[in-house]
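Asks: Here is how the chains run, residue by residue.
2 protein chains.
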Amino acid sequence: MSEKFVETKFYKMPQGELLNLESGLFLSSLTIAYETHGSLNKDKTNVILLCHALSGDAHVAGYHVADDKPGWWAPMVGPGKAFDTEKYFIICSNVIGSCKGSSGPNSINPETGKPFGLSFPIVTVKDMVNAQKKLLDFLGIKKILSVAGGSMGGMQVLQWVKEYPEMIMSAIPIATTYKHFAQQIAFNEVGRQAIMADPAWNNGDYYGKEAPSRGLAVARMIGHITYMSSESMDAKFGRSLKNKELGYEFATEFEIEGYLGYRGDSFVKRFDANSYLYITKAMDYFDIQKDKNLIDVFKGVSSRFLIITFSSDWLYTPAQNKELVRALKMNGIDVTYCEIGSSYGHDAFLIEFDEQTKLIKHFLEKTFKTL
Amino acid sequence: MSEKFVETKFYKMPQGELLNLESGLFLSSLTIAYETHGSLNKDKTNVILLCHALSGDAHVAGYHVADDKPGWWAPMVGPGKAFDTEKYFIICSNVIGSCKGSSGPNSINPETGKPFGLSFPIVTVKDMVNAQKKLLDFLGIKKILSVAGGSMGGMQVLQWVKEYPEMIMSAIPIATTYKHFAQQIAFNEVGRQAIMADPAWNNGDYYGKEAPSRGLAVARMIGHITYMSSESMDAKFGRSLKNKELGYEFATEFEIEGYLGYRGDSFVKRFDANSYLYITKAMDYFDIQKDKNLIDVFKGVSSRFLIITFSSDWLYTPAQNKELVRALKMNGIDVTYCEIGSSYGHDAFLIEFDEQTKLIKHFLEKTFKTL
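Quick note, the sequences are listed as chains A and B, same order.
The first sequence finishes on residue 355 if you use this note's numbering, and the numbering steps up by one all the way, no holes.
The second sequence finishes on residue 355 if you use this note's numbering, and the numbering steps up by one all the way, no holes.
Keep in mind the hints are simulated off the structure, nothing from the lab.
Given the structure is predicted, the values throughout are model-derived calculations rather than measurements.
Treat the hints with caution; some may be incorrect.
Intra- or inter-copy, both count: the list cannot distinguish identical chains.
[Said to hold, decoys possible] Taking lysine-lysine pairs in the DSBU-like style, the calculated list, with each CA pair at most 35 Å apart, reads:
#, residue 1, residue 2
1, K65, K228
2, K283, K228
3, K276, K98
4, K193, K342
5, K350, K226
6, K193, K28
7, K306, K226
8, K(-7), K276
9, K(-7), K226
10, K118, K(-4)
11, K228, K276
12, K306, K26
13, K313, K53
14, K220, K98
15, K350, K228
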């Protein structure tokens, strides 16, 4: 490990300020956990904002002291990597609604001294972006060379372009969608129902007591099925058994069952069930188009785009992204679209580093040159 | 309603007989609920066996007295229909493990006088077929003109051909698979976990008490997502809201959420959670191939095949069925394969009646003529 240790920092919104939310409500206290990698140049023109997915956090790369696992996109962020920390100043912040340091349902409500639980207001992807904007204002950053992210991170990318087009030189939405379609809402809703069906959930009021772990584990298992492709599941597990012979019992018998169980159980140790509700809801609300024609959404936008999809991603499909490409092109926007051939399904953005690196590196260099 | 009322009949295995199961265990008492439509001809050569899917039952067509809903495949079974009751003698029986009249976990264990619950032995698709075979023996039927069914019904079709090739003149597997692949097991397993996570499940011992309804509802919701295509969900629901405006709350907001909730809630009124565990497990065990080459499985088979798939069925895909077609053809078996263009996903076998009717009617007539 030649890379330096990184530390999560915390931005606190000054007292008196508010974060207005799409719902009409507001947050009067706001904390944002964030990390930075690399150095800001004198002109502040080398800023890259990385946005994380549903279960991600601010810890995008490098190591925390006393931790043997690097950040969630470590192979993509570092010296000489796709997001080259010798050239660029990388910022990654935890979304609001999460449980990884930024304000969310497990934060202490200053008015009661207790965790918010369900009294935390519903947040949207637009709210997440506006919270990040407060952090950038605090850091004195007025231009973003590129905003990039996969899955829900990609939704934030699109929202950034829509809200602050003049700030964004370029955008890299990866394995994402311009709105949540019915099937995507359906999968999230079933996950939420699994959590809310757990008696330990107790209407969100379980902090300091038993957490709704079984419900959250089921929700995560559903999620995992959508993150893999049928093909990759088959290649990895097929019909392999945990033991030599079938036991004819309801215990875990197939490898795939064991894998899902393991994924579910390990998730509940690191994630809060209420945050799962809040963040999936934010994704379901996501619709960059709303009642508009998709083409009109991007009127006046001049940010360059690199859109990356994966051939076997059946959650956020290449087909959905091609509609986005078309809408951008109809606005004369400079768009590069690349569908990477991969059998890894949606998870590919966390696996297929070589091709992503080549595409992104080149795209960022070209963008930087146009400054 | 010009059609006659039908009545469910019950076959009871004679005392002293056993139904040996694939697990090595056996059932010493066995009831099979079944219905017949049409009349058996003198030579007993006009028998069609219809096999139902996961949540189906023996009530395939016509009306029960005092019931305003016809059987589950009513548009396909009746005078002049695909399975023409003026020509053929139709038998449909409820699978063992179910809760619709045949022996299953909610049956009374004669040894204890209480419902079996989890002490009911695990059953497989082969066991279901062997139970049906007892019924056919009882009815004195030695030849089956055709065995047909969709989804898990199609698995029984393939198993019938494998177990009793000499009895089966023809087979019509619809919207099915020759084995459960990892993703199919994964969806079932998550459903089972949702049920078993419900404290009311109580290790299967809940009869006479509160049933694990919330867990079963979640399981059914997951199932429903896999029964529809993303396209049909989008056409039917899209991002439509139940109310005019977003409420920014965890209550049902999108139409698709309401639909899934409704499907879940109505299912728990008519289905037993333990049966859901047993039957999904039987499906997961289904693997007509086992350790064999798929081609070798069908050696010596001379039954004619009509295999029907639906273009948007992503649960049991056309691609999987083409592997089956190939294996049959390599044995010189007479196979007609038809992929019906439909946006309805897996559910299409319960929706697309016109094309299925044409295909099946013609296929049955031709089979009947070869006698």
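Asks: Please go over all the hints and tell whether each is borne out by the structure.
Replies: Against the structure, the hints:
1. In the homo-oligomer, the alpha carbons of K65 and K228 never lie at most 35 Å apart, since the shortest distance is 43 Å inside one protomer and 47 Å across protomers.
2. In the homo-oligomer, the alpha carbons of K283 and K228 lie at most 35 Å apart only across protomers (27 Å), although the nearest pairing inside one protomer, at 61 Å, exceeds that limit.
3. In this homomeric assembly, K276 and K98 never come within 35 Å of each other (Cα to Cα): the closest approach is 41 Å inside a single copy and 61 Å across copies.
4. Taking identical chains as interchangeable, the C-alpha atoms of K193 and K342 are never at most 35 Å apart, the minima being 48 Å within one chain and 61 Å between chains.
5. In this assembly of identical chains, K350 and K226 lie within 35 Å of each other by CA distance neither inside one copy nor across copies; the values are 50 Å within and 46 Å between.
6. With identical chains, the CA atoms of K193 and K28 are never at most 35 Å apart, being 46 Å at best within one copy and 67 Å at best between copies.
7. Within a single copy, K306 and K226 get their C-alpha atoms only as close as 41 Å, which misses the 35 Å cut-off; across copies the closest is 29 Å, which meets it.
8. Taking the shortest Cα distances, K(-7) and K276 never come within 35 Å of each other, neither inside one copy (38 Å) nor across copies (58 Å).
9. In this assembly of identical chains, the alpha carbons of K(-7) and K226 never lie at most 35 Å apart, being 43 Å within a copy and 41 Å across copies at closest.
10. Within a single copy, K118 and K(-4) get their C-alpha atoms as close as 10 Å, which meets the 35 Å cut-off; across copies the closest is 73 Å, which misses it.
11. When the C-alpha separation of K228 and K276 is checked against a cutoff of 35 Å, the pair qualifies only between copies, where the shortest distance is 17 Å, while the shortest distance within a copy is 57 Å.
12. Taking the shortest Cα distances, K306 and K26 never come within 35 Å of each other, neither inside one copy (38 Å) nor across copies (62 Å).
13. Taking the shortest alpha-carbon separations for K313 and K53, neither the intra-copy value of 40 Å nor the inter-copy value of 52 Å comes in at or below 35 Å.
14. Within a single copy, K220 and K98 get their C-alpha atoms no closer than 44 Å, and across copies no closer than 43 Å, so neither meets the 35 Å cut-off.
15. When the C-alpha separation of K350 and K228 is checked against a cutoff of 35 Å, the pair qualifies neither within a copy, at 55 Å, nor between copies, at 45 Å.
Consistency note: the structure conflicts with the earlier hints numbered 1, 3, 4, 5, 6, 8, 9, 12, 13, 14 and 15.
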